[in-house]
Amino acid sequence: MEGIADYEFVRSLGDGNHGEFFLAKTPARLPVEAELVAVKVLSGSTTQEVFRRATRELSAFAAVRSEHLVTLYDAGQQGGVFYYSMEYLPDGSLAEPAYLLDESATLRAVAHAARAAHALHEAGIVHRDIKPGNVLLHPEGGKLSDLGLSQVLAPGMTLTGMGSLGSIEFVDPDVLHGEPPSRASDVYSLGVTLHYALTQQGLHGELPDHDPVLALRKVLSSPPSIDPGLDDSLAEIVSWTIAPDRTERPATALAVAERLEALVTA
Numbered sequence: 001m002e003g004i005a006d007y008e009f010v011r012s013l014g015d016g017n018h019g020e021f022f023l024a025k026t027p028a029r030l031p032v033e034a035e036l037v038a039v040k041v042l043s044g045s046t047t048q049e050v051f052r053r054a055t056r057e058l059s060a061f062a063a064v065r066s067e068h069l070v071t072l073y074d075a076g077q078q079g080g081v082f083y084y085s086m087e088y089l090p091d092g093s094l095a096e097p098a099y100l101l102d103e104s105a106t107l108r109a110v111a112h113a114a115r116a117a118h119a120l121h122e123a124g125i126v127h128r129d130i131k132p133g134n135v136l137l138h139p140e141g142g143k144l145s146d147l148g149l150s151q152v153l154a155p156g157m158t159l160t161g162m163g164s165l166g167s168i169e170f171v172d173p174d175v176l177h178g179e180p181p182s183r184a185s186d187v188y189s190l191g192v193t194l195h196y197a198l199t200q201q202g203l204h205g206e207l208p209d210h211d212p213v214l215a216l217r218k219v220l221s222s223p224p225s226i227d228p229g230l231d232d233s234l235a236e237i238v239s240w241t242i243a244p245d246r247t248e249r250p251a252t253a254l255a256v257a258e259r260l261e262a263l264v265t266a
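UniProt numbering numbers the first residue of the sequence shown as 1 and each following residue consecutively.
Just so you know, the hints here were simulated from the structure itself, not pulled from any lab data.
Note that this is a predicted model, so its numbers are computed, not measured.
Be aware that one or more of the hints could be misleading.
[What the hints assert, rightly or not] Label pairs and their computed distance ranges (CB to CB):
no.: 1; residue 1: H138; residue 2: V10; range: 11 to 21 angstroms
no.: 2; residue 1: Q200; residue 2: P244; range: 22 to 32 angstroms
no.: 3; residue 1: A266; residue 2: G124; range: 25 to 35 angstroms
no.: 4; residue 1: A28; residue 2: P90; range: 13 to 23 angstroms
no.: 5; residue 1: A28; residue 2: S182; range: 35 to 45 angstroms
no.: 6; residue 1: D232; residue 2: T47; range: 46 to 56 angstroms
no.: 7; residue 1: E206; residue 2: H177; range: 14 to 24 angstroms
no.: 8; residue 1: D245; residue 2: V213; range: 19 to 29 angstroms
no.: 9; residue 1: H138; residue 2: Q200; range: 14 to 24 angstroms
no.: 10; residue 1: D227; residue 2: T247; range: 17 to 27 angstroms
no.: 11; residue 1: G124; residue 2: R52; range: 16 to 26 angstroms
no.: 12; residue 1: D245; residue 2: S221; range: 16 to 26 angstroms
Cβ atoms here follow ideal geometry from the backbone N, Cα and C, with glycine treated the same way.
Work out the full structure, taking the sequences as your base and the hints as a guide.
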C-alpha cells in the first residue's frame, strides 16, 4: 500500500488491532511541524454509520488534554476504508522498545500511561486496549496510544472476537466473560502491562499462538501467576491491579501512577 488520501506512506510500522500502521509524510494541510506522522488503516471496509461512530470516539479521545496521550491529527474514509493519523514517536513501545529500558524508565512509561488512562476516565472514556504495544516511548517516558475501537467497529461482538490474539492476556477476565469495559478493566490491563514490561512474561505463561480459542481458554481457566523474581513492591502493585474483585483494585488509574512514581523517586 503506497498511501491513502493525501498521506504518502514511507513504510509499514506493523500490525495493530483491526488494521496496520504506516509511517507517512505529513500532508501540507495539517498544522503539524513534524515531517512524519503515523497512520492507522483499518482492515476491510466500513459503513458510513460505523465511520460516524468511530470518528465520534476518536474526536472524544482527541479532546482529552493530557501530555501523556498520543496526539490525534486526522481521520477519514477513502473507498470505504477508514484511517486516522497521529503523532509519530520513533522510540518504539513497551512491547518493542528501540533501546534497552532500565527499570526506572519502564516504571515511568507505565505511570504515564496510567495518567493518560485516568484523563480518559475523567472524560468518561474507557480505553479498552491498554497493552505494551500501545504504550509508546519517548525520552521523558511514555504516551498511551490507539484507543480500542472494537465495540465501534463491530457492535455486539466481544473483545475476544475482535481483538488480536496477542491482546487477550491483557484484557480483564470480567470483560472476556461479557462484562462492560470500565475504569477497573483498564486498571487490570495496566497491571498486566506493567508485569510484562518488567519481566517479558505474561501472567498465564506461554499462550498458543495459533488458536485464539485455546489461548482464551487458558487465560480464563488458569489463575494469573506473578513472576517470583519480581521485586516485592512491584509484585504488590501488580497483585493490587489484577485483583479478581474489581472493588479491591485501585479506584483510579491515577492511584497506580502515583504508586509507580513513588518507586521511581524513592
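Distance restraint hint 16 to 26 angstroms, applied to the beta-carbon atoms of D245 and S221: Cβ of D245 to Cβ of S221: about 19 angstroms, so the range 16 to 26 angstroms holds.
Range agreement (Cβ of T47 with Cβ of D232, hint 46 to 56 angstroms): Hint holds: Cβ distance 51 angstroms, inside 46 to 56 angstroms.
P244 and Q200 - C-beta distance against the hinted 22 to 32 angstroms: With a Cβ separation near 24 angstroms, Q200 and P244 satisfy 22 to 32 angstroms, so the hint holds.
Satisfaction of the hinted span 35 to 45 angstroms by the C-beta atoms belonging to A28 and S182: Holds - the Cβ-Cβ distance for A28 and S182, about 41 angstroms, lies within 35 to 45 angstroms.
Assessment of proposed distance window 14 to 24 angstroms (beta carbons of H138, Q200): holds (21 angstroms)
Supplied distance hint 14 to 24 angstroms, evaluated on CB atoms of E206 and H177: holds (23 angstroms)
Range hint 19 to 29 angstroms (beta carbons of D245 and V213) holds or violated: holds (27 angstroms)
Consistency of beta-carbon spacing, T247 to D227, with hint 17 to 27 angstroms: 26 angstroms Cβ-Cβ, so the 17 to 27 angstroms window holds.
Distance restraint hint 13 to 23 angstroms, applied to the beta-carbon atoms of A28 and P90: Holds, at about 22 angstroms.
Range agreement (Cβ of R52 with Cβ of G124, hint 16 to 26 angstroms): Taking Cβ atoms as reference, G124 and R52 lie about 19 angstroms apart, which means the hint holds.
Cβ separation of A266 and G124, checked against the hinted range 25 to 35 angstroms: At 34 angstroms between Cβs, range holds.
Satisfaction of the hinted span 11 to 21 angstroms by the C-beta atoms belonging to H138 and V10: Distance hint for H138, V10 holds at roughly 19 angstroms.
Hint compliance for this structure: every hint is met.
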